[in-house]
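Q: Sequence:
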Amino acid sequence: MSNGRTLLRSLLVGMTVAAVVAPACAAHADPTAAEIQVQIDDGNRKVELIVEEYNKVNGDLTATQAALTDLDAKLRPLQAQMAAAQVNVEQVAVSAYKTGSHLRTLSVVLGAGSSEGFVDQLGTLRQISHNQQAELDTFTAAKKAYDAEQQRLNTLLTTQQTQKGELETRRKQIEADIARLDALQDKVNAEEAAKKKPAPPATNPGPPPAVSGQAGKAVSYAWAQLGKKYVWGTAGPNTFDCSGLTMMAWKAAGVTLPHNAAQQWGKVKHISRSQLAPGDLVFYNGLGHVGIYIGNNQIIHAPNSRTVVKVAPIDVDPLYGYGRPG
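Numbered by full-length UniProt numbering, the letters in the sequence shown go through residues 1 to 326 in order.
Treat the hints as calculated values from the structure; they're not laboratory data.
Cβ coordinates follow ideal geometry from the N, Cα and C atoms, glycine included.
One thing to keep in mind: the hints can contain errors.
20 angstroms max Cα-Cα, derived SDA-like pairs, lysine to any residue [as the list claims (entries may be wrong)]:
| id | residue 1 | residue 2 |
| --- | --- | --- |
| 1 | K251 | A262 |
| 2 | K46 | K217 |
| 3 | K251 | G213 |
| 4 | K164 | A253 |
| 5 | K164 | N154 |
| 6 | K228 | K251 |
| 7 | K56 | K172 |
| 8 | K228 | K144 |
| 9 | K74 | K172 |
| 10 | K74 | K144 |
| 11 | K164 | D60 |
| 12 | K269 | A253 |
| 13 | K251 | N58 |
| 14 | K187 | Q39 |
| 15 | K74 | Q151 |
| 16 | K267 | Q39 |
| 17 | K217 | G236 |
| 18 | K217 | L276 |
| 19 | K267 | V57 |
| 20 | K217 | G233 |
| 21 | K228 | T307 |
| 22 | K228 | P209 |
| 23 | K143 | A80 |
| 24 | K56 | K187 |
Here are the computed distance ranges between Cβ atoms for each label pair [as the list claims (entries may be wrong)]:
| id | residue 1 | residue 2 | range |
| --- | --- | --- | --- |
| 25 | K144 | D177 | 44 to 54 angstroms |
| 26 | Q150 | A33 | 55 to 65 angstroms |
| 27 | L156 | G236 | 23 to 33 angstroms |
| 28 | G266 | E168 | 23 to 33 angstroms |
Take the sequences, apply the hints, and build the full model.
A: Here is the structure:
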């Protein structure tokens with residue numbers, strides 16, 4: 001009897017737990033479209049940070065490779081000079097070995113004409129030998145310094161190449177997660193999407209906002225890129241990432257900026273929102289994203305790999321600050 005009551009009580013408890021857990025599991029397995037979008041937006045922000053770090057490492061890598069090329073160009077003539085100096089020193093040594101020091105000295109004495117001339121010529125021979133050895137020592141020291149710098153740059157190059165590879169791997173992992181979320185979002189929104197009217201065809205955006213001076217050239221350039229695809233690590237002419245777009249926009253205005261949002265922030269004059277004017281840069285997401293202001297509380301930016309260069313509200317992402325190039 002006791003065993004029967006125990007079994008019944010266990011069954012009732014089990015049924016109660018199942019009733020409580022089942023709805024929770026179902027809710028967890030079927031997130032809303034809004035919840036999925038939050039995860040997608042979070043993934044996009046993470047990708048932005050990785051892409052901008054990749055751009056920085058890529059720029060550093062280019063600079064290191066240029067430094068190695070420059071060092072090699074300086075090293076080649078130095079090596080030729082060292083070889084020539086070494087030949088001169090060896091020729092003096094061979095000559096001394098063949099003639100013998102006393103014969104060389106006798107030749108000097110016979111050709112000197114006087115004791116004073118002998119001293120002068122002997123001193124000249126010694127000075128030539130000394131100068132050649134000193135020159136060779138100087139070249140050797142310089143070569144040692146060049147070799148040390150070359151080793152340092154090669155080590156730095158290897159480190160930067162490793163960082164670049166790691167960032168590419170991280171980006172691919174996050175984008176794969178976002179792709180899975182996109183598929184899930186499509187599934188959740190399937191019925192709603194079927195009810196929506198087809199989107200109208202894209203229209204010509206028309207002329208850019210009227211802005212004068214350098215800022216006008218930057219805005220016009222950005223405007224001309226509307227609709228072009230986002231591809232990370234690129235800066236035109238057919239694809240852009242966020243800092244690639246702002247870099248090229250201001251390049252069209254004659255201002256040089258690096259291909260990295262954080263480094264662009266370090267180059268521009270920081271301003272307040274009340275000072276914001278068309279052409280200024282707007283920074284987001286802890287310096288992981290940047291766009292160009294076009295007025296009327298709008299920016300042009302290259303958001304992420306699932307969309308294109310577009311106009312968006314200035315508050316499209318968490319704001320970091322505002323900057324004025326030039």
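Q: None of the hints should be skipped; say for each whether it holds.
A: Hint check results:
no., hint, verdict
1, K251 to A262, "holds, 17 angstroms"
2, K46 to K217, "violated, 31 angstroms"
3, K251 to G213, "holds, 13 angstroms"
4, K164 to A253, "violated, 30 angstroms"
5, K164 to N154, "holds, 15 angstroms"
6, K228 to K251, "holds, 18 angstroms"
7, K56 to K172, "holds, 18 angstroms"
8, K228 to K144, "violated, 51 angstroms"
9, K74 to K172, "violated, 40 angstroms"
10, K74 to K144, "holds, 13 angstroms"
11, K164 to D60, "holds, 10 angstroms"
12, K269 to A253, "holds, 16 angstroms"
13, K251 to N58, "holds, 19 angstroms"
14, K187 to Q39, "holds, 15 angstroms"
15, K74 to Q151, "holds, 15 angstroms"
16, K267 to Q39, "violated, 33 angstroms"
17, K217 to G236, "holds, 16 angstroms"
18, K217 to L276, "holds, 17 angstroms"
19, K267 to V57, "holds, 17 angstroms"
20, K217 to G233, "violated, 23 angstroms"
21, K228 to T307, "holds, 9 angstroms"
22, K228 to P209, "holds, 19 angstroms"
23, K143 to A80, "holds, 11 angstroms"
24, K56 to K187, "violated, 37 angstroms"
25, K144 to D177: 44 to 54 angstroms, "holds, 51 angstroms"
26, Q150 to A33: 55 to 65 angstroms, "holds, 57 angstroms"
27, L156 to G236: 23 to 33 angstroms, "holds, 29 angstroms"
28, G266 to E168: 23 to 33 angstroms, "holds, 24 angstroms"
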